[in-house]
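Please work from the sequences and hints to get the whole structure.
Residue numbers (the numbering used here), protein chains in the order written: chain P, 1 to 468; chain G, 1 to 537.
Honestly, the hints are just simulated from the structure, not real lab data. Zero decoy hints are in this set.
Calculated cross-link-like contacts (lysine-lysine; reagent style PhoX-like; alpha-carbon spacing at most 25 Å):
1) P/K339 to G/K533
2) P/K26 to G/K532
3) G/K532 to P/K22
4) P/K456 to P/K339
5) P/K330 to G/K532
6) P/K456 to G/K37
7) G/K533 to P/K310
Here the structure is a predicted model, which means the values were calculated and not measured.
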Amino acid sequence: MSPQAVTVAYLASAVLFIVGIKGFAKPDTAKTGNALTILGMLIAVAVTGFVAFSATTEGLPFVAGTIAIGAVIGGLLARSLPMTAMPELVGLLNSFGGLAAVFVGISSYLAPGHVYATEAERNVHLVECWLGVAIGSLTFTGSVVAWAKLRGTLSGKPLLLPGRHLLNLALVGATIGLAWPFVGEASTDAGLTWILALTAITGVLGITLVLAIGGADMPVVISLLNSYSGWAGAMTGFVLQNDVLIVSGAIVGSSGIILTIVMCRGMNRSVLNVVFGGFGTEGGGPARKVEGEVRELDVAGVAAALSTAKEVVIVPGYGMAVARAQHPVKELVELVQAKGGRVRFAIHPVAGRLPGHMNVLLAEAGVPYDLVHEMETINADFPKTDVVLVIGANDIVNPAAVDDPNSAIAGMPVLHVWESALTVVFKRSLGAGYAGVDNALFLHERTRMLFGDAKKTADALVGALRSL
Amino acid sequence: MPRASYDPAVRTLTLGVPRERAPREKRVAIVPGVVAKLKELGFEVVVESGAGEAAGYGDDSYRDVGATIAAASDGPYREGGASAYGCDVVVKVMPFETDEIAKLREGATTISLLYPARNPELVKALAARGVTAIALDKIPRITRAQKMDVLSSMANLAGYRAVLEAAAAFQGFFGAQVTAAGTERPARILVIGAGVAGLAAIAAGRALGAEVRAFDVRAAAKEQVESLGGKFLTVELEESGEGAGGYAKSMSKEFIEAEMALFRAQAKEVDVIVTTALVPGAKAPILVGDDVVACLKPGSVVVDLAAEQGGNCSLTKPGEAVVPEGVTILGYTDLPSRMATTASRFFAGNVLALLSDMARGVAGGEAGFRVDLEDEVVRAATLTHGGQELPPPPPPEPSPPAPKKDAPTIAKKPEPKPESATGAIVFGILMAVAFTLVAFYAPDAFVQRFTVFILACFVGWQVVWAVAPALHTPLMSVTNAVSGIVLVGGLLQAAPGGSSLAVILGLCALLVATINVAGGFFVTDRMLGMFKKGGPR
Chain P
1 MSPQAVTVAY LASAVLFIVG IKGFAKPDTA KTGNALTILG MLIAVAVTGF
51 VAFSATTEGL PFVAGTIAIG AVIGGLLARS LPMTAMPELV GLLNSFGGLA
101 AVFVGISSYL APGHVYATEA ERNVHLVECW LGVAIGSLTF TGSVVAWAKL
151 RGTLSGKPLL LPGRHLLNLA LVGATIGLAW PFVGEASTDA GLTWILALTA
201 ITGVLGITLV LAIGGADMPV VISLLNSYSG WAGAMTGFVL QNDVLIVSGA
251 IVGSSGIILT IVMCRGMNRS VLNVVFGGFG TEGGGPARKV EGEVRELDVA
301 GVAAALSTAK EVVIVPGYGM AVARAQHPVK ELVELVQAKG GRVRFAIHPV
351 AGRLPGHMNV LLAEAGVPYD LVHEMETINA DFPKTDVVLV IGANDIVNPA
401 AVDDPNSAIA GMPVLHVWES ALTVVFKRSL GAGYAGVDNA LFLHERTRML
451 FGDAKKTADA LVGALRSL
Chain G
1 MPRASYDPAV RTLTLGVPRE RAPREKRVAI VPGVVAKLKE LGFEVVVESG
51 AGEAAGYGDD SYRDVGATIA AASDGPYREG GASAYGCDVV VKVMPFETDE
101 IAKLREGATT ISLLYPARNP ELVKALAARG VTAIALDKIP RITRAQKMDV
151 LSSMANLAGY RAVLEAAAAF QGFFGAQVTA AGTERPARIL VIGAGVAGLA
201 AIAAGRALGA EVRAFDVRAA AKEQVESLGG KFLTVELEES GEGAGGYAKS
251 MSKEFIEAEM ALFRAQAKEV DVIVTTALVP GAKAPILVGD DVVACLKPGS
301 VVVDLAAEQG GNCSLTKPGE AVVPEGVTIL GYTDLPSRMA TTASRFFAGN
351 VLALLSDMAR GVAGGEAGFR VDLEDEVVRA ATLTHGGQEL PPPPPPEPSP
401 PAPKKDAPTI AKKPEPKPES ATGAIVFGIL MAVAFTLVAF YAPDAFVQRF
451 TVFILACFVG WQVVWAVAPA LHTPLMSVTN AVSGIVLVGG LLQAAPGGSS
501 LAVILGLCAL LVATINVAGG FFVTDRMLGM FKKGGPR
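Next up, the structure:
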């Protein structure tokens with residue numbers, strides 16, 4: 001295979017990635033997009049294999065065997081895990097990407113036969129190795145912590161170490177500072193020590209950064225780690241002078257950044273605020289106290305309201321995912337439809353623990369995606385809505401974001417459910433949401449609380465609607 | 001045999017539900033649906049035979065839920081006798097009559113409507129009997145007590161029923177009609193007083209297809225009227241009628257004149273007038289005088305919800321329908337009773353809420369309730385206690401004025417934070433520094449790769465913004481898989497010719513990266529397979 005042929009094949013692979021991801025613009029084309037992306041990956045792997053083993057096929061069985069084992073493990077993980085475990089799976093897979101980047105970076109540093117034309121070329125190569133390993137290691141440990149938090153092995157509460165800002169600053173300083181002795185080191189054996197130290201330092205940084213982040217901020221962190229794994233890949237591309245790695249790494253990096261921006265806009269916070277915490281410390285004065293009467297409604301009452309409603313909107317939150325209530329909710333949708341009502345879902349960008357988390361859960365339950373709407377498209381429709389069911393959501397439906405400038409969540413875009421004729425809130429108990437902010441929605445005169453486990457309540461509601 | 005008196009050892013209290021005595025009163029104070037909850041509070045329920053009959057709750061329906069049926073009671077209270085009047089707590093809808101009071105046990109508690117302003121002698125008799133009398137009509141109109149507010153729940157029913165009675169008396173359609181035989185404009189309804197009853201009337205009128213206008217002296221009512229699809233009428237005079245406890249206060253002479261002029265003008269246009277104006281403790285104001293009635297077309301209907309307190313219409317005969325000069329004037333005082341089944345259920349719900357609230361102060365394991373005169377709600381509603389009439393509690397504060405809908409609230413609205421300009425500037429500077437370094441320092445090969453990298457960033461940026469937010473999770477897992485392309489690097493490093501450590505590291509990279517790639521793609525495919533479009537509708 002000529003070098004030109006290899007370049008063209010890589011180009012084709014990069015184009016397939018771009019076209020494939022473009023397919024994700026619409027649910028109709030996303031499946032084709034995924035297939036194209038897979039094709040791009042196969043081409044890249046095949047061509048690389050061809051290049052790597054063009055001289056001799058010695059060692060090919062090892063490599064092929066490794067790939068086969070990896071593919072089987074990956075496939076099993078993807079097949080066996082329930083959909084509710086999706087956030088943690090994404091975190092776990094992300095960590096593998098970071099780990100691979102670390103291995104490749106170190107391996108490339110150790111590989112003999114580097115001939116540098118100039119001093120500058122050598123320095124550039126070493127800095128690339130350094131960056132690739134640093135980002136990879138950060139991604140790896142950060143993703144592992146995120147995985148543990150998402151699956152509940154570690155508490156979802158932010159763990160705020162005393163002096164963590166100083167500690168993080170010191171770790172970042174060390175990461176940059178140690179680059180000089182590393183680049184100046186002529187012997188690879190001594191250099192290996194430096195690079196292992198770097199792996200350890202950035203690994204610790206990944207842990208301290210993610211430990212400090214609480215459960216509901218996870219969408220931002222996962223997006224950010226996703227982006228890092230892309231940058232790590234791009235760096236590896238620089239190290240190995242391989243364009244397809246650079247292109248795909250850059251695309252993944254941008255994608256992660258975009259998701260991060262979307263999530264932060266959904267909370268009206270900056271990335272720095274999320275990553276370094278400091279939540280609730282701003283604002284001009286004390287947040288307004290909410291006082292009033294909580295009104296309850298029983299299952300029969302909600303069923304009666306639903307049976308006559310023409311427009312129903314369901315607002316799911318992380319609580320629905322925790323209670324796994326999406327299946328009875330889907331039955332609820334069908335029953336209300338059978339009684340002549342229109343049911344739609346309103347999804348807040350940061351509902352759940354992943355960007356688009358609610359959409360996947362609803363899709364899993366069999367809710368058609370054209371019933372599921374984004375906040376911007378549905379927010380204007382609440383005044384025309386008869387019944388809103390808020391299932392396991394809190395901060396994303398808090399009116400304080402709109403009308404209390406001193407609230408910790410002031411300015412965060414929220415779903416204006418209180419404008420509807422009746423809002424029913426499914427809730428385990430009366431507690432503040434993730435942001436620790438009281439919710440005036442619960443005391444609103446057109447709001448009724450339906451206390452209990454979301455799944456049991458939804459099941460009971462299905463039964464009550466059936467018998468009506 | 002049920003116990004008619006309270007025995008502390010058994011720790012239950014009896015709760016009696018007598019049959020209503022008032023003519024045309026079909027409601028019952030307790031329905032079978034709340035009996036179980038009352039038992040949880042420690043009450044044994046004793047229902048006078050036939051008490052719920054007129055409301056659709058037969059004796060059997062009470063028996064089925066564990067209540068005791070007592071024979072129809074007559075004669076005074078006998079120790080140990082199974083009489084609904086002999087219970088520890090006696091609940092009625094309408095005020096107790098003098099002969100009923102004689103049947104009550106000393107020390108018992110009564111819960112009912114009482115209207116003490118109209119029935120001072122009844123209050124005296126209850127005090128003399130040594131009874132604790134709780135007047136449901138005296139429960140303050142504060143948020144906490146809303147669930148016990150019988151006046152509101154009954155006003156809601158009355159407002160709804162008023163429109164239905166008007167529709168029955170009105171000899172035409174309420175909704176617009178377009179038929180081969182001719183077209184009809186919708187009927188026009190004027191609702192005076194947009195309290196609970198007025199709002200219910202507006203909603204019912206709208207539901208029947210009529211055009212509804214409403215007038216209220218309280219500016220706060222405007223938003224509520226409009227939210228129900230009614231048109232809010234105003235007079236050209238600035239004066240707020242916001243009084244204490246959610247009622248309107250009396251207005252100045254100029255205002256009333258302007259008001260009357262408005263009603264006369266409206267009367268020429270409308271087909272139905274529903275009046276709901278009550279001033280607490282006083283005779284209802286006359287709002288629809290002879291002059292206003294004279295402006296109405298023959299066949300029009302006036303429903304006077306204030307009939308019981310003298311009426312808002314000068315021609316109203318309480319409890320009757322009269323037709324002077326072709327205008328039907330309905331002065332029914334039993335509107336909630338005409339919907340006795342639902343009215344009883346709501347009434348019982350209010351009573352249950354009151355008793356649950358009063359049970360809160362009771363020690364664990366004890367049955368029943370406590371008359372806590374420190375409690376704002378209980379204090380206001382308790383008229384007699386310990387053989388004495390209690391003086392009226394201090395009046396509630398007037399409601400705060402309705403917030404003006406313009407400037408102040410909107411100006412205070414928190415804005416989303418503007419996109420940070422400093423962030424963009426810092427980013428720009430960093431990019432400039434990076435570009436300069438690359439331009440002056442980097443080797444040729446690096447510059448080429450750098451070009452590819454920057455362009456790929458922009459391509460990725462454009463492509464990913466187009467992704468549907470619904471697909472963000474699949475996007476994340478597919479980009480995750482793509483980032484596993486590091487496996488290409490692992491492959492190159494694992495190829496023969498390197499040092500053994502480099503090869504081993506390469507193989508490790510290959511393994512984890514392949515897991516990432518395969519897992520990512522499979523999971524994406526699995527997720528995308530679940531996204532289904534709804535069928536045609």
